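**Student:** Residues in the sequence shown are numbered consecutively from 0, following numbering that gives the first Met the number 0.
FYI, nobody ran anything at the bench for these hints, they're computed from the structure.
Small disclaimer: the values here were computed from a predicted structure and weren't measured.
We treat Cβ as the ideally placed atom computed from N, Cα and C, and that holds for glycine.
Mixed in with the good hints, there may be bad ones.
[As the list claims (entries may be wrong)] Below, a list of computed lysine-lysine pairs in the BS3-like style, where the Cα atoms sit at most 27 Å apart:
| id | residue 1 | residue 2 |
| --- | --- | --- |
| 1 | Lys87 | Lys64 |
| 2 | Lys98 | Lys378 |
| 3 | Lys6 | Lys375 |
| 4 | Lys259 | Lys326 |
| 5 | Lys419 | Lys378 |
| 6 | Lys419 | Lys375 |
| 7 | Lys259 | Lys296 |
| 8 | Lys98 | Lys6 |
| 9 | Lys74 | Lys378 |
| 10 | Lys64 | Lys117 |
| 11 | Lys117 | Lys98 |
| 12 | Lys98 | Lys4 |
| 13 | Lys117 | Lys4 |
| 14 | Lys79 | Lys117 |
| 15 | Lys419 | Lys64 |
| 16 | Lys64 | Lys79 |
| 17 | Lys87 | Lys117 |
| 18 | Lys296 | Lys314 |
| 19 | Lys410 | Lys375 |
| 20 | Lys375 | Lys79 |
| 21 | Lys326 | Lys98 |
| 22 | Lys4 | Lys74 |
| 23 | Lys326 | Lys265 |
| 24 | Lys64 | Lys375 |
| 25 | Lys294 | Lys314 |
| 26 | Lys117 | Lys419 |
| 27 | Lys259 | Lys294 |
| 28 | Lys265 | Lys4 |
| 29 | Lys64 | Lys98 |
| 30 | Lys326 | Lys378 |
[Unchecked claim] Derived DEER-like restraints, expressed as beta-carbon distance ranges:
| id | residue 1 | residue 2 | range |
| --- | --- | --- | --- |
| 31 | Arg61 | Leu196 | 20 to 30 Å |
| 32 | Leu196 | Phe420 | 47 to 57 Å |
| 33 | Met272 | Val354 | 39 to 49 Å |
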Amino acid sequence: MFVDKVKVYVKGGDGGNGMVAYRREKYVPDGGPAGGDGGRGASVIFEVEEGLRTLMDFRYQRHFKAPRGEHGRPKNQHGKNAEDMVVKVPPGTTVIDEKTGEVIADLTEHGQRAVIAKGGRGGRGNTRFATPVNPAPEIAENGEPGIERDVILELKVLADVGLVGFPSVGKSTLLSVVSAAKPKIADYHFTTITPNLGVVETDDGRSFVMADLPGLIEGAHEGVGLGHQFLRHIERTRVIVHLIDMSALEGRDPYDDYLKINEELKQYNLRLMERPQLIVANKMDMPGADENLEKFKEQLEDDVQIFPISAITRKGVRELLLTVADKIEETPEFPLYEETEQSTRVMYRHEKEEVPFVITRDDDGAFVLSGAELEKLFKMTDFSRDESIRRFSRQLRHMGVDEALRQRGAKDGDLVRLMKFEFEFIE
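My request is simple: use the sequences and hints to build the entire structure.
**Tutor:** This is the structure we're talking about:
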């Protein structure tokens, strides 16, 4: 089975908790704080593995949760950092954040890596909070939570040449003739339902990868037929070889087929039309093909070179392959996504500042606090120690939570809810 799109959940490891500890040694009075920091949580990293060809492994494992860092220890010992979790993906994998639609990484080369979910930093031990005013603090932070997100993995076949055309025009036959690939070949539409790859070697020793892609039909850009399942794979190819059935045995007009396929490519992604396209008139061994080819040439407005071939008899195939190899050499790779600004200029633009917290009301009248910054602060607070709770209260006041609650009408004794925890509002 060929799997080319899958949704997975990834979570970076939480940082280890900092420790509250004191130096206790003989003959060392008032040794002071000695709690170590927690270790860094592991990140989830995707790495390209050349041997992989599908996303099949992700059908069976869809959750990747990296280990957390080790907690801090006494005697100022730092907790051990967790080792990053490396997940292997096939070349041609695009990683997209499901929530925002942002492309996180486009992984194409063997060994290429991308951090998909960053691990959290370790919490600070009580040594870090010592001041002249408070030389023996009972405060330590919990580890920072790692980033968690749902991502969509899309696999787009890495091929130099893509064979396009209506179903049953002879794409699979051509691939089987010019390479060692053994695609399924039969006399019915959509015999090919997954892309087939083959390495083609020309007479002069050059080689390239050719992909036989599932047949296109009208409306494919809207998802009709195999739709986007096919079209996403054409995006990475450098040269498009457009096969047309010149025998017209199925009653279709070759010129009409040619226009419809190009329209589908254009509707899906306008940049596909930038790629060089070779028009191949296949099935020239069939009766009536020569007449259809002459008519086709008359209807073409541009003076475009057409390659008449017969995949079955191999007539004209050699010249086609040599031309394809020439085109690949002179055609650069097309970037799938626009590169980010690489120049040295600094761009200053106004960005809407993220709100640190949001206040809403529940059905029972309780005030509900939410917001990424506030929830992160909450998770990093050790509520088993009074001094840590007092520090958390000061941080809320500094963020303006108290004032915002008063403006929303909060009074002494009102219930305030943060995540799964509840506390009373006190003036």
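**Student:** Straight-line Cα separation of Lys419 and Lys375 no greater than 27 Å?
**Tutor:** holds (14 Å)
**Student:** Would you mind confirming whether the straight-line C-alpha gap from Lys117 to Lys4 stays at or under 27 Å?
**Tutor:** holds (23 Å)
**Student:** Is the straight-line distance between the alpha-carbon of Lys296 and that of Lys314 27 Å or less?
**Tutor:** Roughly 20 Å separates the two Cα atoms, so the pair holds.
**Student:** For the pair supplied as a hint, Lys326 and Lys98, is the alpha-carbon distance within the 27 Å limit?
**Tutor:** violated (39 Å)
**Student:** Is Lys117 close enough to Lys98, meaning Cα to Cα at most 27 Å?
**Tutor:** Cα-Cα ~17 Å, so holds.
**Student:** Can the restraint linking Lys259 and Lys294 be considered satisfied, given a maximum Cα separation of 27 Å?
**Tutor:** It holds: about 17 Å lies between the C-alpha atoms, which stays within 27 Å.
**Student:** Does Lys64 lie within 27 Å of Lys87 when you go C-alpha to C-alpha?
**Tutor:** holds (15 Å)
**Student:** Has the given pair, Lys410 with Lys375, been kept, meaning a C-alpha gap of at most 27 Å?
**Tutor:** holds (26 Å)
**Student:** Checking one constraint from the list: CA of Lys326 to CA of Lys265, max 27 Å. Satisfied?
**Tutor:** holds (21 Å)
**Student:** With a cut-off of 27 Å on the C-alpha distance, tell me whether Lys419 and Lys378 pass.
**Tutor:** Given pair Lys419, Lys378 holds - Cα atoms ~11 Å apart, limit 27 Å.
**Student:** CB of Arg61 to CB of Leu196, is that within 20 to 30 Å?
**Tutor:** holds (26 Å)
**Student:** Given the hinted pair Lys87 and Lys117, is their alpha-carbon gap at most 27 Å?
**Tutor:** holds (17 Å)
Hints 21, 22, 30 from the earlier list are contradicted by this structure; the remaining hints agree with it.
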